[in-house]
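So you can see what is in the structure, the chains are spelled out below.
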Amino acid sequence: GAVVSQHPSWVICKSGTSVKIECRSLDFQATTMFWYRQFPKQSLMLMATSNEGSKATYEQGVEKDKFLINHASLTLSTLTVTSAHPEDSSFYICSASIDSVPNSPLHFGNGTRLTVT
Amino acid sequence: SQQGEEDPQALSIQEGENATMNCSYKTSINNLQWYRQNSGRGLVHLILIRSNEREKHSGRLRVTLDTSKKSSSLLITASRAADTASYFCATNQWTSGSRLTFGEGTQLTVNP
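Top to bottom, those sequences are chains A and B. Under this note's numbering, the final residue of the first sequence carries the number 117; numbering is consecutive throughout. Under this note's numbering, the final residue of the second sequence carries the number 1112; numbering is consecutive throughout.
Take these hints with a grain of salt, some might be off.
[Claimed, not checked] Straight line, CA to CA, 27 Å or less: simulated BS3-like cross-link-like pairs of lysine-lysine:
id : chain 1 : residue 1 : chain 2 : residue 2
1  : A       : K55       : A       : K66
2  : B       : K1026     : A       : K66
3  : B       : K1070     : B       : K1056
4  : A       : K41       : A       : K66
5  : A       : K20       : A       : K55
6  : B       : K1026     : A       : K41
[As the list claims (entries may be wrong)] Okay, the calculated beta carbon distance ranges per label pair:
id : chain 1 : residue 1 : chain 2 : residue 2 : range
7  : B       : E1005     : A       : T57       : 22 to 30 Å
8  : B       : G1097     : A       : K64       : 18 to 26 Å
9  : B       : P1008     : A       : P102      : 28 to 36 Å
In short, the hints are calculated from the structure, not lab data. Computed from a prediction, not measured in an experiment: that's the story for all the values here. Here a beta-carbon is modelled for each residue, glycine too, at the ideal position from N, C-alpha and C.
Given these sequences and hints, build the entire structure.
This is the structure in structure tokens:
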């Protein structure tokens, strides 16, 4: 149980285009999901907390107009990288916590490798 | 920003040996969790230890927590080549819901 599906697993796009990444909790409801960015051989950097039915909470230094987050249902959050540039190339990972189990561990998607050419 | 620091940054051992990774943090916590990440993949939860616990075991894993020193350790006994991965500690604070702050990670290589 507690599976998080992230799609796509990799994407290559041209500079200036937008890319949408989906994060779905397959067998549980998740009011809260998290989006991270990870550079090679580094730790996860929290970008934003996605809240179902309300605006996302962005970490300091993360441009909310560039990284659009939509959490329209209890099982789906999307991250859209708008007007992508080569410096946006990175590994993006989502995670979700189970609503019905307080203080439970996070469940992670398998990540999306974004390459902007 | 990451509040956790882990050491060593990289660890290379032989199969059958034990691997110990350490994690330090800066603020009061609700719980501390350890995760594993295989290259190019998401994170997998290994073990959660609450602030009022001092030691926890799960199979070949042993985690300790010293809240007075704000530190934790993860011990993997009888390591296997399949244990090769990056290991991250993550802290959860009382006021942050399920939000986690990750350490810098330890890259473990287990040589067959």
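Structure-based check of each hint:
About 14 Å separates the Cα atoms of K55/A and K66/A, which keeps this hinted pair within 27 Å; it holds. As the CA atoms of K1026/B and K66/A are separated by approximately 31 Å, the hinted pair breaks the 27 Å bound. Between K1070/B and K1056/B, the direct Cα distance comes to roughly 16 Å. Compliance with the 27 Å bound is thereby established for this hinted pair. Restraint check for K41/A and K66/A: the C-alpha separation of about 24 Å stays at or below 27 Å, so the hint holds.
About 17 Å separates the Cα atoms of K20/A and K55/A, which keeps this hinted pair within 27 Å; it holds. In summary, the hint linking K1026/B to K41/A is supported, as the alpha carbons are separated by about 23 Å, within the 27 Å threshold. The supplied range of 22 to 30 Å is met by E1005/B and T57/A, whose beta-carbon atoms lie about 25 Å from each other. For the hinted restraint 18 to 26 Å between G1097/B and K64/A, the CB-CB distance of approximately 20 Å keeps it satisfied.
In this structure the hint that P1008/B and P102/A lie 28 to 36 Å apart at CB holds, the actual value being about 34 Å.
When each numbered hint is compared with the structure, a violation occurs for hint 2 only.
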